[in-house]
Amino acid sequence: MAEGVLQQEPAPMKAGAKTLVRVENVIKHFPAGLGQSVKAVDGVSFEIVEGETLGLVGESGCGKSTLARLVTQLLPVTSGKIFINDIEVTKLRGEKLRQQRRQMQMIFQDPFASLDPRMTVGDIIAEPLVNFGVMRGRKRSERVQELLKIVGLNPNFNNRYPHEFSGGQRQRIGIARALALNPKLVVCDEAISALDVSIQAQIVNLLEDLQREFKLTYLFIAHDLSVVRHISDRVMVMYLGKIVEVADSAGTYTSPKHPYTKALLSAIPVPDPRIQRGKRLVELSGEIPSPLNPPSGCRFHTRCPIARVPTPCAEVEPPLEEKARGHLAACHFSQDV
Amino acid sequence: MLLDVAGLTVTARVGDADVPIVRDAGFTVAPGRILGIVGESGAGKSTIARVVAGLLPPGFRIASGSVTFEGEDLPAASAARRRELLGRRIAFIPQAPLSSLNPVVSVGRQFAEHLAHARVPRAERRGVAARALAEVRLDDSEALLARYPFQLSGGMCQRVLIAMAFATNPALIVADEPTTALDVTVQAQILELLGDLNRDLGTAIVMITHNMGVVAGLCSRVLVMYAGEIVEQGPVEQIFENPQHPYTWSLLRSIPRVDALRHERLRSIEGLAPDLLHPPAGCRFHPRCPFRIEKCFTDEPRLQEVAPDQLAACWVTMARARKEMGADDLIDIRPGAGSGVRKGELTD
Chain A
1 MAEGVLQQEP
11 APMKAGAKTL
21 VRVENVIKHF
31 PAGLGQSVKA
41 VDGVSFEIVE
51 GETLGLVGES
61 GCGKSTLARL
71 VTQLLPVTSG
81 KIFINDIEVT
91 KLRGEKLRQQ
101 RRQMQMIFQD
111 PFASLDPRMT
121 VGDIIAEPLV
131 NFGVMRGRKR
141 SERVQELLKI
151 VGLNPNFNNR
161 YPHEFSGGQR
171 QRIGIARALA
181 LNPKLVVCDE
191 AISALDVSIQ
201 AQIVNLLEDL
211 QREFKLTYLF
221 IAHDLSVVRH
231 ISDRVMVMYL
241 GKIVEVADSA
251 GTYTSPKHPY
261 TKALLSAIPV
271 PDPRIQRGKR
281 LVELSGEIPS
291 PLNPPSGCRF
301 HTRCPIARVP
311 TPCAEVEPPL
321 EEKARGHLAA
331 CHFSQDV
Chain B
1 MLLDVAGLTV
11 TARVGDADVP
21 IVRDAGFTVA
31 PGRILGIVGE
41 SGAGKSTIAR
51 VVAGLLPPGF
61 RIASGSVTFE
71 GEDLPAASAA
81 RRRELLGRRI
91 AFIPQAPLSS
101 LNPVVSVGRQ
111 FAEHLAHARV
121 PRAERRGVAA
131 RALAEVRLDD
141 SEALLARYPF
151 QLSGGMCQRV
161 LIAMAFATNP
171 ALIVADEPTT
181 ALDVTVQAQI
191 LELLGDLNRD
201 LGTAIVMITH
211 NMGVVAGLCS
221 RVLVMYAGEI
231 VEQGPVEQIF
241 ENPQHPYTWS
251 LLRSIPRVDA
261 LRHERLRSIE
271 GLAPDLLHPP
281 AGCRFHPRCP
291 FRIEKCFTDE
301 PRLQEVAPDQ
311 LAACWVTMAR
321 ARKEMGADDL
331 IDIRPGAGSG
341 VRKGELTD
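Order-wise, the sequence lines are chains A and B.
Going by this note's numbering, the first residue of the first sequence is number 1, and it counts up by one from there.
Going by this note's numbering, the first residue of the second sequence is number 1, and it counts up by one from there.
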């Protein structure tokens, strides 16, 4: 992978762009009885600038979906602050929070569960407009038809029901609903994971087109690193409730500075027999520890191939700090990765 | 040949009709080789796996064709004989590891039950199980055998199932998307494990997957399926290097690569896979194919040799599409977007 560095297009640096999302030291603990708690998100800070796509990857249980729900305020934080457009949404309640929701929409993983089977497609897409009293009567139905067209569906399908559509088409309906209120931020939580390969490409291309056309900002969450690399300007890697690495997508992939990122990358099957057969897998020992009781020091030290135990890795938590320009990692020995 | 499938057509009962969901499939697996079967949902790949394992769900029927395993005609075998073969000569690794083990029976008892079926003497069962678990790199087998499936992670359950499959030293393992439900790091370990076991024990594997990367790393041959039919088959290197069916070609271009050097727009395959109740006439891929010619609308292409040992079912094939349509230069295949769909351009 490293030999591609020179030919790498410069990552679109959104220098000078406005910060749209600012997350400051956010913690989300879920009570789990017996005085214990699941530390799903445990002290996370990052920013998303306007117009960028920030990818978020990690394996099951790392806290990525919880983080998505915190950013969209579908879940309250345990502590910490989240700003959208300089407004502290974690402080807002009731109607003020509701009004803020217009700016942040979500596209969900399961295109079957996220659409009400008893509502027509037109009603599903119009629901956000109804909720916020935006447009009425003919104007509203025209907007619905326009949205259907934008996502590549026949505008006359508005009277049909979700069961009449395939997975990919349903995901388009979900996207139309997310766009109805002209949001600034769209959080895609595994939005293409349930789709077939050929359909995934359709939806990825659609999301890219929509971003350009409507100047959308994406938080794109997936476990598939290939897709995340493809669509994102920057990529953030999570492990057990912590961010372990953030960099532009070229940096993350060509010169990872955290051993977990490196292991994840080595694990992705590349559709090319010559490369795939010669690849060396970075073996991670053991299983992901329980988020009820995460390991001391660096949370990755129990599985890390380069950890020095006990000190410092099992004792001192490495801070997420800049290791190269715009490239942050939380590792005591990032130079050895 | 270890496994020889010829002219296999499988139907499923839908209402009053028998709908063909696998049509006229033919392929062979040599001892010790790994065959990949790729395709999207509904392509028929899992149905083929279940035919070979003798685990067709109710309502599914082998309408025609033969499946010969070690010289024995499988569909003609009695139910008792099939039960005898499954688990001893042919093993099956299912997709969902957690739901494939009984949650209220300990791992040890389930393992012993499996070994009893394979006629491993009672006294040897514990030893065989421990060795098999060590092979899949699960240590401390004593403790593991005493546990219940819900106490294990998905990756560990899948290892247990793989250990069970290999424990009886079968000649063929049918693995139906064994890593789809797992995280990537676990998937990589399981794939490496399957490759190692294949090398060390010489067990042939039929690997069902939708992931081209899995095929690239593990398999020596590959079948590409679309809408119930095999559209292309051949050696893995050759198919990846020089796919001849437009579906294979498009599929390989629709996957973002983690090692990509620059951002290129993905080549999506527009439209949807056909409804098997009402499949299109002619080539089943023609409504989505950027290189279709008039013949494709009406005449069904058959698999024919397009390169040594490589078969594709296509009237055009990529070699011709490239030469006459500049296939590699086409950027956007969406209808009306300067696509390659130029009807009649290549008619004979």
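These are computed hints drawn from the structure, not numbers from a lab.
Where hints are given, some of them may not hold.
What the hints assert, rightly or not - Pair by pair, the computed Cβ-Cβ distance ranges are:
id, chain 1, residue 1, chain 2, residue 2, range
1, A, M119, B, P308, 38 to 46 Å
2, A, P310, B, A143, 20 to 28 Å
3, A, F132, B, L261, 55 to 63 Å
4, A, S290, B, T180, 21 to 29 Å
5, A, E127, B, G7, 26 to 34 Å
6, B, Q304, A, S290, 38 to 46 Å
7, B, T180, A, G286, 43 to 51 Å
8, A, E127, B, R61, 19 to 27 Å
9, A, R325, B, E237, 27 to 35 Å
10, B, N169, A, L34, 40 to 48 Å
Given the structure is predicted, the values throughout are model-derived calculations rather than measurements.
Ideal Cβ placement from N, Cα and C applies to all residues, glycine included.
These are the hints, each one checked on the structure:
no. : hint                          : verdict
1   : A:M119 <-> B:P308: 38 to 46 Å : violated, 56 Å
2   : A:P310 <-> B:A143: 20 to 28 Å : holds, 26 Å
3   : A:F132 <-> B:L261: 55 to 63 Å : violated, 44 Å
4   : A:S290 <-> B:T180: 21 to 29 Å : holds, 24 Å
5   : A:E127 <-> B:G7: 26 to 34 Å   : violated, 52 Å
6   : B:Q304 <-> A:S290: 38 to 46 Å : violated, 56 Å
7   : B:T180 <-> A:G286: 43 to 51 Å : violated, 23 Å
8   : A:E127 <-> B:R61: 19 to 27 Å  : violated, 45 Å
9   : A:R325 <-> B:E237: 27 to 35 Å : violated, 40 Å
10  : B:N169 <-> A:L34: 40 to 48 Å  : holds, 46 Å
Comparing the model with each earlier hint shows violations of hints 1, 3, 5, 6, 7, 8, 9; every other hint is respected.
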